[in-house]
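Engineer: Spelled out from the first residue to the last, the chains are:
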Amino acid sequence: MPIFTVLICGGAACISSGEEVVKNKLISLIKDKNLEGDVKIIETGCMGPCQYGPVMIVYPDGSYYIHLTEDKIEKIVNEHFIKGRPVKEFLWETPEARKKVEEKKIIPFFEKQLKIVLSNCGNIDPENIDEYIGKGGYEALGKVLTEMTPEEVIDIVTRSGLRGRGGAGFPTGLKWKFARDAKGDEKYIICNGDEGDPGAFMDRSICEGDPHAVLEGMAIAGYAIGANKGYIYIRAEYPLAVKRLQIALKQAKKYGLIGKNIFETGFNFDIEIRMGAGAFVCGEETALIASIEGKRGQPRPKPPFPAQKGLWGKPTVINNVETLANIRHIILKGPEWFASYGTEKSKGTKVFALSGKVKNTGLVEVPIGITLRELIFDIGGGIQNDKKFKAVQIGGPSGGCIPEEHLDTPIDYESLTSLGAIMGSGGLIVLDEDNCMVSMAKFFLEFTVDESCGQCIPCRVGLKQMYNILDKITKGYGTIEDLERLEELAKTVKTTSLCGLGQTAPNPVLSTLRYFKDEYLEHIIDKKCRANVCKFEFKEERVKEKI
Amino acid sequence: MKLEDLRKIREKVQKEIELREGKARVKIVVGMGTSGIAAGAREVLKTFLDEIEKRNLKDVIVTQTGEKGFASKEPIVVIEEEGKPNIVYGNVTPDIARRIVVEHIVNGNPVSDYVIEVGGK
Ligand SMILES: Cc1cc2nc3c(=O)[nH]c(=O)nc-3n(C[C@H](O)[C@H](O)[C@H](O)COP(=O)(O)O)c2cc1C
Numbered sequence: 006m007p008i009f010t011v012l013i014c015g016g017a018a019c020i021s022s023g024e025e026v027v028k029n030k031l032i033s034l035i036k037d038k039n040l041e042g043d044v045k046i047i048e049t050g051c052m053g054p055c056q057y058g059p060v061m062i063v064y065p066d067g068s069y070y071i072h073l074t075e076d077k078i079e080k081i082v083n084e085h086f087i088k089g090r091p092v093k094e095f096l097w098e099t100p101e102a103r104k105k106v107e108e109k110k111i112i113p114f115f116e117k118q119l120k121i122v123l124s125n126c127g128n129i130d131p132e133n134i135d136e137y138i139g140k141g142g143y144e145a146l147g148k149v150l151t152e153m154t155p156e157e158v159i160d161i162v163t164r165s166g167l168r169g170r171g172g173a174g175f176p177t178g179l180k181w182k183f184a185r186d187a188k189g190d191e192k193y194i195i196c197n198g199d200e201g202d203p204g205a206f207m208d209r210s211i212c213e214g215d216p217h218a219v220l221e222g223m224a225i226a227g228y229a230i231g232a233n234k235g236y237i238y239i240r241a242e243y244p245l246a247v248k249r250l251q252i253a254l255k256q257a258k259k260y261g262l263i264g265k266n267i268f269e270t271g272f273n274f275d276i277e278i279r280m281g282a283g284a285f286v287c288g289e290e291t292a293l294i295a296s297i298e299g300k301r302g303q304p305r306p307k308p309p310f311p312a313q314k315g316l317w318g319k320p321t322v323i324n325n326v327e328t329l330a331n332i333r334h335i336i337l338k339g340p341e342w343f344a345s346y347g348t349e350k351s352k353g354t355k356v357f358a359l360s361g362k363v364k365n366t367g368l369v370e371v372p373i374g375i376t377l378r379e380l381i382f383d384i385g386g387g388i389q390n391d392k393k394f395k396a397v398q399i400g401g402p403s404g405g406c407i408p409e410e411h412l413d414t415p416i417d418y419e420s421l422t423s424l425g426a427i428m429g430s431g432g433l434i435v436l437d438e439d440n441c442m443v444s445m446a447k448f449f450l451e452f453t454v455d456e457s458c459g460q461c462i463p464c465r466v467g468l469k470q471m472y473n474i475l476d477k478i479t480k481g482y483g484t485i486e487d488l489e490r491l492e493e494l495a496k497t498v499k500t501t502s503l504c505g506l507g508q509t510a511p512n513p514v515l516s517t518l519r520y521f522k523d524e525y526l527e528h529i530i531d532k533k534c535r536a537n538v539c540k541f542e543f544k545e546e547r548v549k550e551k552i
Numbered sequence: 007m008k009l010e011d012l013r014k015i016r017e018k019v020q021k022e023i024e025l026r027e028g029k030a031r032v033k034i035v036v037g038m039g040t041s042g043i044a045a046g047a048r049e050v051l052k053t054f055l056d057e058i059e060k061r062n063l064k065d066v067i068v069t070q071t072g073e074k075g076f077a078s079k080e081p082i083v084v085i086e087e088e089g090k091p092n093i094v095y096g097n098v099t100p101d102i103a104r105r106i107v108v109e110h111i112v113n114g115n116p117v118s119d120y121v122i123e124v125g126g127k
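These protein sequence lines map, in sequence, to chains A and B. Take 6 as the starting number for the first sequence in the numbering used here and just add one per residue. Take 7 as the starting number for the second sequence in the numbering used here and just add one per residue.
Bound-form chain B, shown alone (with noise of 0.2 Å):
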């Protein structure tokens, strides 16, 4: 092994490290309390892990949470981006979630009719 490999697995390595212990661009938050998984908040979850990884982003993580007080709304997703207002949004279904990854995360254009409130946690 040469230095650059070492250093190739280390950059590799490193950033999922950083991943694992929250350290990320953007974190998405999936409101999982009873109602949340009652209303699908579980498939909508499954479907950001499974656009994030397809799209190989590699500074963002999906966590979850429990209620988040928006019981109508369920389910509730939350968009936190260093040095931006969070972006909350509702009634989430996973061709949703699919779009907020590609226009929201990737583009940076958030799905505004979705929006339910700027700057909530």
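With the rest of the complex left out, here is chain A (with noise of 0.2 Å):
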């Protein structure tokens, strides 16, 4: 047993923040000074605050210590691990009462935290299946096969009132009832772990920090439909989460957790990786289906949905990575206690991806309810360089904008889809007073442009000529007729698009026209951008006209 344990952070943020070089430092000094016995290094998937990294928490006393670098952890090492001082200076500090933390506990970031599906993250060693079933892993999927019979799965799943963390929140259990309903001697699980929208990277989290969680959950769905095969859709520019992922799979199927007779039950279940290209339209269920069985990603018509036609015509239930990772608490600690945390419409809790100008950056889990200020004020800490809070953008590309009247709104799927936003995947952009909303509006645009299938005319032509509108905007020469006709392109795009792409693509221009219209105005009119991201070109001329 070693004396100190090292849980170092290798997310993907930590690792871009430079995890590796110190990792590196840390494993040659142990070495150098004889201490392999007495350190214990695990590497672990994402531990919330990227904003920190790289960060590493010691056990046993847990002391967290944050923004390391080569010449920290040589002080570490010689104060910490030889003497056993820890390092007061380098731990994580809290800026408001600027007193040195010890402790994770007492860290306000994590205070408001309810940590569900991330509960492994960050304290397993992703790489290693034991630490997995340690907490109790593949634990659920024994239950279901030896006790339950899949209608009582499906039971308890629609019980806990489990609703999909990929966007639209469909109940899941309702999902997988139709899918067990259908007609059909083959059927299919799809995770999806496209993970589109710019700003979010709460499934690459739950893929890298707990990839048997994603496993375990989409076998516990392949028995309680029906099926013996399951698909991961990821991203190849996920490259570390598709590499935990083969790893744990290649683990699993060793232990005969997945695959052939599993837990000598007599049911099977195989899982297969497919690697998409990184469109965000791939994140659509029909285009990803599509995708999968080897065509171009586009979306068709929905009826019939997957449940009844999905992959190869078969019934199919695609689930997102973050609603398959609840199952598992699901199942071990009953419906009712999942029931109990969140609002009355929406249950348990949600990942989210906080970034933009607040101060502590990072992933979050929170119940389902908790106000977005308590999110952004609270766990985020406010925002950056005592600026003063203009709007928080939820939902990515597909949501909206939330002024700060709103803020005391609890997040659940209704309240934001009330607001003009969506919940979305979970992706919270924090704005200040230096953040142009019209430019906001366009950089979204300007994204569902690129991303557009093109199938379909309102998406394509109208979503093209809404960017052409917001581009005349900031760059002085709207007209106030531009604008009319801004709101009745997005209001049509809304309407008449094929897919839940075109569909939602308006949002973040009609949510900034809903509550930044006087920023809209001011930039027709007065030829003003009041964050200064704007540039005029032909101000100068105009006025000169003028005189």
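Don't read these hints as lab results, they were simulated from the structure. Here a beta-carbon is modelled for each residue, glycine too, at the ideal position from N, C-alpha and C. Treat the hints with care, as some may be off.
[To be verified] In silico lysine-lysine, DSS-like type, Cα no more than 30 Å apart, as pairs:
id, chain 1, residue 1, chain 2, residue 2
1, A, 522, A, 307
2, B, 64, A, 45
3, A, 120, B, 18
4, A, 338, B, 79
5, A, 364, A, 259
6, B, 8, A, 259
7, A, 120, A, 338
8, B, 8, A, 36
[Unchecked claim] Which chain A residues face chain B? A few, computed with CB under 10 Å, are given here:
id, residue
9, 8
10, 82
11, 84
12, 90
13, 91
14, 96
15, 147
16, 151
17, 153
18, 248
Join the two chains into one complex using the hints; note that each chain is given alone, in its own frame.
Structural biologist: Structure below.
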């Protein structure tokens, strides 16, 4: 037994801020100083506070080190590992209290969070199946296979109130029931790991930090609907997530937890990983199915829904990564336990990727129903550099902006929709007074114009025209008629597009028009951008002309 | 694999995880300040680890701390046990460390000759 166990965050954000150099330094120092038996190093998935990376926790005392460098590592090895004295000045500090903290329990970033889906993320070695099993992994699969009928499993998931975490929030139990009831000798489970929203990295973090939870969720879903085969569709731009899933799958197969005759119950379930090229539209379920079938990733009209006619025309359940990672907890702790968190209509927790102008960016998991204010100001620590909060963009390119007056709204599917945003997959970008709302809308439109598959006219042509108008406004050429046309186009594209991409792409425009119309008007009438983001190319000449 | 096999792995690893997170019945805390190390605290610490490993004690962890403020009695070792006052040992050698494991931790009788304080931290 080692004296110290170091959990070092190997999430993608920490890796990009230099985790590998720090880790290698740690390994070599430990070797040089003959501490190999005393200090054990485990590389985990994302621990959450990405802004402070690279981070590591030292157990048994729970010292939480942040912003690590090679020099800091050297001092930590000498002081903490050799002499038993945590290096206080490198520990996490709360900006408010300016007080050094030694235990993560008393860091506000964690206080209001409730980690269910992320409970293993950052706490175990994701490349070691035994660690997952040590945390109760595959117990839920064992339980459903040996004690429950598929109908009972579906009943539990239904009673838990779990809704899809991929954006639309469709009740998961109901989706499984449709697929179970659908006729067909072959059925499929697909895990949607496409995660195309800019600013979102929840699903990636789950796959990197707790890949077995996804596999276990899929196997349980397979048993529930009567499928023997599952696919994980994940974008190739997530190489670490792909690698961890591959390792997990290999280990699970070796143990017989995925494959033939699982737990000697006669249930067979195999999983294959398919890499996507990273097109936003491929996250849409019918396009994703086409992509797995080897066709171009284009959506088709619904109905028929995938639960009836999905992959190769067979009944298929397609669920988001986070949805599936919730399943084992629901089976083990019961639907009532799960439903005790959240609101009347939205149960459980949601993982958010907090980014933008907020002090603590990172990966957070909160009970659904927490207010935006709590999320941004308590967990997020408020706005950077004492600037003024302007809005929060939630739900990515399908979502919208919510202004200050609605900060006390509880975060749940219905409230967000009524404010013109959506829960989406959980990307949350905080904007301050230096952000221009017209430019913001333009940014998302540029994204959806690029990502439109071009099949239907409203989306292909309508979005492009909307983009052109926004471009004109941000350059100082916009007219009042443009504004009216923009709104009309937005409504038309929303109601006439074939798939969810076009149906939701106008949301960033509509929501900024709803709450920030004065900024649009300032751009058009006063040729002014209050955030000083837009450059009005010909402003000078126009002024001269007038004189 | 059968469900029983899974549970065996779980029990073993669960214990390991609890220990690394500091959840243990008994904690042996070795003072490792500069003077402690000079007085041989590192050897004492290694001996504890060795004995615990040998006896396969699954709910005991060894940790270290800085100066304890008993400079004349280094190496200092504190035994923290749930629901009992802490016991502080002074002038601990590897031999005494072995005795502490057997007599105190396994059999529950502190090695009274070397106890310098009861209830201290
Ligand atoms: C344009 C578009 C992109 C989407 N991208 C994703 C995605 O990246 N990940 C995801 O899980 N769902 C995405 N969805 C939603 C899926 O189509 C589908 O509803 C979801 O995977 C169902 O899983 P759930 O019920 O567990 O949420 C997208 C939908 C649209 C219209």
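Engineer: Against each hint, give a clear statement of whether it holds in the structure.
Structural biologist: Tested hints:
1. A C-alpha spacing of about 35 Å is found between residue 522 of chain A and residue 307 of chain A, which places the hinted pair above 30 Å, so the restraint is violated.
2. The hinted pair formed by residue 64 of chain B and residue 45 of chain A meets the criterion: a straight-line CA distance of about 17 Å does not exceed 30 Å.
3. About 24 Å separates the Cα atoms of residue 120 of chain A and residue 18 of chain B, which keeps this hinted pair within 30 Å; it holds.
4. In summary, the hint linking residue 338 of chain A to residue 79 of chain B is not supported, as the alpha carbons are separated by about 51 Å, beyond the 30 Å threshold.
5. At roughly 44 Å between alpha-carbon atoms, residue 364 of chain A and residue 259 of chain A are farther apart than 30 Å, so this suggested pair is violated.
6. With a C-alpha separation of about 13 Å, the suggested pair residue 8 of chain B and residue 259 of chain A falls inside the 30 Å cut-off, and the hint holds.
7. Distance check on the hinted pair: residue 120 of chain A and residue 338 of chain A sit about 14 Å apart at the alpha-carbon level, within 30 Å; holds.
8. A distance of roughly 39 Å separates the Cα atoms of residue 8 of chain B and residue 36 of chain A; the hinted pair therefore is violated under the 30 Å criterion.
9. For the restraint placing residue 8 of chain A at the interface with chain B, the shortest Cβ-Cβ distance is roughly 6 Å, inside the 10 Å limit, so the hint holds.
10. The beta carbon of residue 82 of chain A comes no nearer than 13 Å to any beta carbon in chain B, farther than 10 Å, and the hint placing it at the interface is violated.
11. Because the beta carbon of residue 84 of chain A sits about 8 Å from the nearest beta carbon in chain B, less than 10 Å, this interface hint is met.
12. The interface hint given for residue 90 of chain A is met, as the beta carbon of that residue sits about 4 Å from the closest beta carbon of chain B, less than 10 Å.
13. Look at residue 91 of chain A: its Cβ gets to within about 9 Å of chain B, closer than 10 Å, so that hint holds up.
14. Checking residue 96 of chain A against chain B by beta carbon gives a least distance of about 15 Å; that is not within 10 Å, so the hint is violated.
15. Among the interface hints, the one on residue 147 of chain A holds; its C-beta lies about 4 Å from the nearest C-beta in chain B, closer than the 10 Å criterion.
16. A hinted interface residue such as residue 151 of chain A counts as satisfied when its beta carbon comes closer than 10 Å to some beta carbon of chain B; here the least separation is about 6 Å, so the hint holds.
17. With its C-beta approaching chain B no nearer than about 13 Å, residue 153 of chain A sits outside the 10 Å limit, and its interface hint is violated.
18. Using the Cβ-Cβ criterion of 10 Å, the hint placing residue 248 of chain A at the interface with chain B is not satisfied: the shortest such distance is roughly 22 Å.
In summary, the structure is inconsistent with hints 1, 4, 5, 8, 10, 14, 17 and 18 from the numbered list given earlier, while agreeing with the others.
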